[in-house]
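Colleague: Residues per chain are reported as follows:
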Amino acid sequence: MTRSTTSGASVRSRARRSRALGRLVFLGPGLTYLIVLLLIPLALLIGFTVFRRGRFGGVVYELTGENFTRLLDPLYLDVVIGSLKLAAIATLIALLVGYPTAYLIAQLPRKWKTIALVAVVLPFWTNFLVRIYAWIVLLSGPGLVNSTLMDLGLIDKPLELLYNQGTIVTGLVYSYLPLMVLPLYAAIEKLDPQLREASANLGAGPVRTFASVTLPLTLPGVFTGCLFVFVPSFGNFIIPELLGGGRSIMVGNLIRDQFLKARDWPFGSTLALALLAVLIVLLLLQAWSARRA
Amino acid sequence: MRRPRLLYVPFWATYVFLYTPIVVLVAMSFNAGESPYVYEGFSLEWYGVLAGNAGIREGLVNTLIVAVGSTALATVLGTLLAVGLARHTRSRVLDALGVLPAVLPDLVLGIGLLVFYATIKSTLGLHSVLLAHTVFGMAFVAAVVRTRLTHADTSLEEASRDLGATPFTTFVRITLPQLAPGIGAGALLAFTLSIDEFVIAFFTAAPTTPTLPIVIYSMVRFGVTPEINALATLLLLVSFTAVIVTQRMTRLTESLS
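Listed in order, the protein sequences are those of chains A and E.
The number in the numbering used here is simply the position in the first sequence, starting from 1, with 135 added.
The number in the numbering used here is simply the position in the second sequence, starting from 1, with 429 added.
Just to be clear, a hint being listed does not mean it is correct.
Claimed, not checked - Reference excerpt, derived from the structure (chain E facing chain A, CB under 7 Å, subset only):
id, residue
1, 454
2, 506
3, 653
Said to hold, decoys possible - Calculated Cβ distances over 10 Å to all of chain E for the following chain A residues:
id, residue
4, 173
5, 214
6, 424
Calculated directly from the structure, the hints in this document are not laboratory data.
For every residue, glycine included, the Cβ atom is placed at its ideal position computed from N, Cα and C.
All chains, please: the whole structure from these sequences, using the hints.
Modeller: Take a look at the structure:
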């Protein structure tokens with residue numbers, strides 16, 4: 136019967152101790168892991184940006200600003216701007232295709248809704264390289280697209296469908312379209328159908344209802360979807376390499392090459408930081424738009 | 430509710446777009462001919478060739494070692510973290526840290542870890558890939574388990590506490606059984622992600638210990654062979670099964686959107 140004789144104060148202090156212990160046990164291991172294998176590596180990358188490269192790779196711990204001035208060199212700046220452009224085009228196409236798809240999925244009966252959603256997500260959970268590779272098979276000289284066009288008599292000889300910027304955009308849209316549809320679906324699904332009915336009853340046509348009711352209310356979903364497509368597109372290096380013909384055409388390839396070929400870790404880190412900076416600005420914009428909605 | 434007919438065009442276009450490359454790939458894996466592009470009749474020949482490829486076998490073994498190890502680690506760490514974040518803190522900074530590995534570009538995580546291993550003078554090998562895969566596996570396990578936690582009934586946990594159970598006892602007897610399907614689904618996701626992951630493995634694996642995606646990458650770079658069609662088909666089958674099972678175990682599409 137120790138419980139009844141324990142004073143209130145010691146019960147409280149025991150409760151406090153057990154709460155602290157609970158925190159330590161549940162949060163401790165995961166957070167420690169994330170600090171060591173996520174935050175410290177990120178801190179190292181960011182730290183490297185102010186140092187000089189070693190003659191044979193590696194880092195010389197001597198402060199310099201040259202990595203940042205090099206970023207402004209047209210040679211690199213053009214690649215960064217080009218990547219922004221390709222990622223933006225891919226995002227826009229994914230939005231234009233993804234919005235109507237998500238809209239229709241949200242109107243489907245419950246059972247079909249789940250099936251339609253899983254069908255959108257399925258390709259996303261399959262090996263990324265396999266999905267990119269499938270496009271090589273499809274678009275290559277003797278591939279299905281060319282042979283179909285030739286059978287239909289639309290073209291005489293195979294088109295050069297691979298290894299250009301359009302192919303890169305196709306690959307990006309293909310890879311990340313599911314990431315556009317999911318948040319759009321979530322936003323549209325949450326929408327109260329009565330709002331649209333009210334708009335229709337007040338005399339607005341479908342276009343007007345969409346522009347002044349549906350779209351503004353699903354804007355946070357639009358931003359999230361765009362972010363989900365833009366972020367992995369911007370830093371991608373596999374799609375430009377496999378579908379773009381292997382030259383350094385996107386910032387991801389440039390970063391990869393600085394680490395594995397040029398062995399210029401400080402400049403590679405600076406490029407990675409620039410990539411992160413763009414993404415952080417976008418994340419902040421998204422958070423701001425979500426708060427306003 | 431009214432469904433505008435015009436919307437069916439982009440709707441079906443999306444599915445045709447998503448599945449055409451996959452269907453073509455699977456069909457070509459059963460091709461009798463030498464060409465990876467032109468279909469010449471049914472055969473299982475390329476699956477036989479695939480089975481005899483030592484490089485692929487080695488990659489597969491490496492991939493499985495990494496996937497099993499990192500999934501085990503990620504499941505334990507991710508589950509504890511999810512419970513900790515949901516029940517033991519209200520810090521939004523820690524919340525953000527928990528999802529950071531899932532939103533951080535894989536390229537940045539990959540080079541960050543490469544730089545980290547080099548700085549602490551660690552060798553690269555399966556261990557470095559395994560530890561790296563745990564970082565994002567853990568974030569996905571934590572996300573799925575947390576969705577489950579928010580749907581869970583807290584009154585049982587409160588009752589357990591009121592009856593004098595320690596947080597540990599409450600966790601083992603009450604919380605864990607309720608979370609089991611979520612933990613299972615999270616583990617399956619972490620496993621699938623690890624098997625398919627390329628970018629981080631690319632930077633953290635030693636040349637002597639390539640994972641299967643790294644092997645595929647080098648094969649694809651040197652040109653297309655029907656053998657990869659067969660391998661790709663098998664990988665598709667594994668991923669599709671895993672996702673459908675996960676969807677049945679948990680509201681996967683919900684916790685992701």
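Colleague: Each hint needs a verdict: does it hold in this structure or not?
Modeller: Consistency of the hints with the structure:
Interface hint at residue 454/E: satisfied, since its Cβ lies 4 Å from the closest Cβ of chain A, which is below the 7 Å cut-off. The closest approach between the C-beta of residue 506/E and any C-beta of chain A is roughly 5 Å, which is under the 7 Å cut-off, so the hint is satisfied. Proximity of residue 653/E to chain A holds as hinted, the smallest CB-CB distance being about 6 Å (cut-off 7 Å). With a least CB separation of 6 Å from chain E, residue 173/A falls inside the 10 Å interface cut-off, contrary to its annotation.
Residue 214/A, annotated as away from the interface, keeps every beta carbon of chain E farther than 10 Å; the closest lies near 14 Å. Every beta carbon of chain E lies more than 10 Å from that of residue 424/A, the smallest distance being close to 17 Å; the non-interface claim holds.
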